[in-house]
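Fit chain Z to the supplied structure of chain Y, relying on the hints for placement.
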Amino acid sequence: MAGQDKRKFADQFIAALPHSKALGMGVDDLGENWVQLSMPYDPRFVGDPQTGVIHGGAISALMDTCSGAAVLIHPDCEGTATLDLRIDYMRAATPGQRLVARAECYHVTRSVAFVRAKAMDDDRDSPVASATGAFTFARAKGGAS
Amino acid sequence: MAKQPEPVHVVKERRDKALAALVSSVPYVGFLGIQFERRGDELTATLPYRDMLIGNPILPALHGGATAAFLEVAAIIELGWANLWGKIEGGEIDPSEIEVQNLPRLPKTIDFTVDYLRTGLPRDAYARARINRAGRRYASVHVEGWQDNRSRLFVQATGHFLMPESADGVE
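Taken in sequence, the protein lines are chains Y and Z. To convert a position in the first sequence, counted from 1, into the numbering used here, add 52. Take the second sequence: its letter number 146 is residue 135 in the numbering used here, and every next letter is one higher.
Pulled out of the complex, with its shape left as it was, chain Y reads as follows (with noise of 0.2 angstroms):
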């Protein structure tokens, strides 16, 4: 993706989503195949309310619209739609800090399209959260196949 598009795309695609909007996402990066989005903490967002902590379905949201992405940046790519997604809680997020995923989509076939995700806090060597998930893939016409 050309830079001009990349940003068209970062600046259109948190927009036309109402629920990546209201957990108050944003497009950080993105490359030919993957895509960095970040949330902000937010106390709204809270999970356990001893501790603070981010409740897994932020953490599955910001995922799942993260894989999306790097399915919608391919360049045959008209629309996706989530098939299945499993995500793996490897430790608590730490309270305070904006959390931020990266998801890259390794393989497309004419109709499905192999996505893995990873969700980071400030300590960028131990992830939060990994996914995995595969994602329907509908082909622009004349797109090659």
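By construction, these hints were calculated from the structure, which means they are not laboratory data. In this text, all values refer to a predicted model and were calculated from it rather than measured experimentally. Errors might be hidden in some of the hints.
[Claimed, not checked] With a cut-off of at most 20 angstroms between alpha-carbon atoms, the simulated EDC-like pairs for lysine to aspartate or glutamate come out as follows:
| no. | chain 1 | residue 1 | chain 2 | residue 2 |
| --- | --- | --- | --- | --- |
| 1 | Z | Lys97 | Y | Asp81 |
| 2 | Z | Lys97 | Y | Asp100 |
| 3 | Y | Lys170 | Z | Asp100 |
| 4 | Z | Lys97 | Y | Asp57 |
| 5 | Z | Lys6 | Z | Asp83 |
| 6 | Z | Lys76 | Z | Asp5 |
| 7 | Y | Lys73 | Z | Asp40 |
Here is chain Z on its own, set in the frame of chain Y:
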């Protein structure tokens, strides 16, 4: 003389109070607007439709992330409720004294797999969780989500959870 059963309103009030305390203790449940209905110990979760739950405005369809979060909340509250139920019915916890700080800790998600069967329509969604196994340390829970027809699931999920350590430290 045989012990008289408790009046029904006393039983209901105790259970409803405990459930309300559990559900309201989690900020994210309030953020998504999820509600729980109780029949005996059985819970049904409702995700009332709101525009902020949309992921695809063109279809329109519910956001897969919002759907996943809804099912994960249903699973965790089901586990927390099963734990709390025993404690309030056994007289170990008095529901009128429940506060965030003295609620039993909620289980932690180890992994969660969501299977998207149909597009989530822009209307209310419902979910019911079934605890398939609850050991002292680990639990396995299956959750079903539906909208118009109970028999036509639009999403299902399976998750594993780490159970909180008991207060006395015995495992």
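Against the structure, the hints come out as follows:
1. Proximity of Lys97(Z) to Asp81(Y) is assessed by CA-CA distance (about 31 angstroms); at most 20 angstroms being required, the pair is judged violated.
2. A distance of roughly 9 angstroms separates the Cα atoms of Lys97(Z) and Asp100(Y); the hinted pair therefore holds under the 20 angstroms criterion.
3. Restraint check: the Cα-Cα separation between Lys170(Y) and Asp100(Z) comes to about 13 angstroms, which is no more than 20 angstroms; the hinted pair holds.
4. For a cut-off of 20 angstroms, the pair hint linking Lys97(Z) to Asp57(Y) is broken: about 40 angstroms separates their Cα positions.
5. Restraint check for Lys6(Z) and Asp83(Z): the C-alpha separation of about 10 angstroms stays at or below 20 angstroms, so the hint holds.
6. Proximity of Lys76(Z) to Asp5(Z) is assessed by CA-CA distance (about 14 angstroms); at most 20 angstroms being required, the pair is judged to hold.
7. Between Lys73(Y) and Asp40(Z) the alpha-carbon distance is near 11 angstroms, which keeps this suggested pair within the 20 angstroms criterion.
Comparing the model with each earlier hint shows violations of hints 1 and 4; every other hint is respected.
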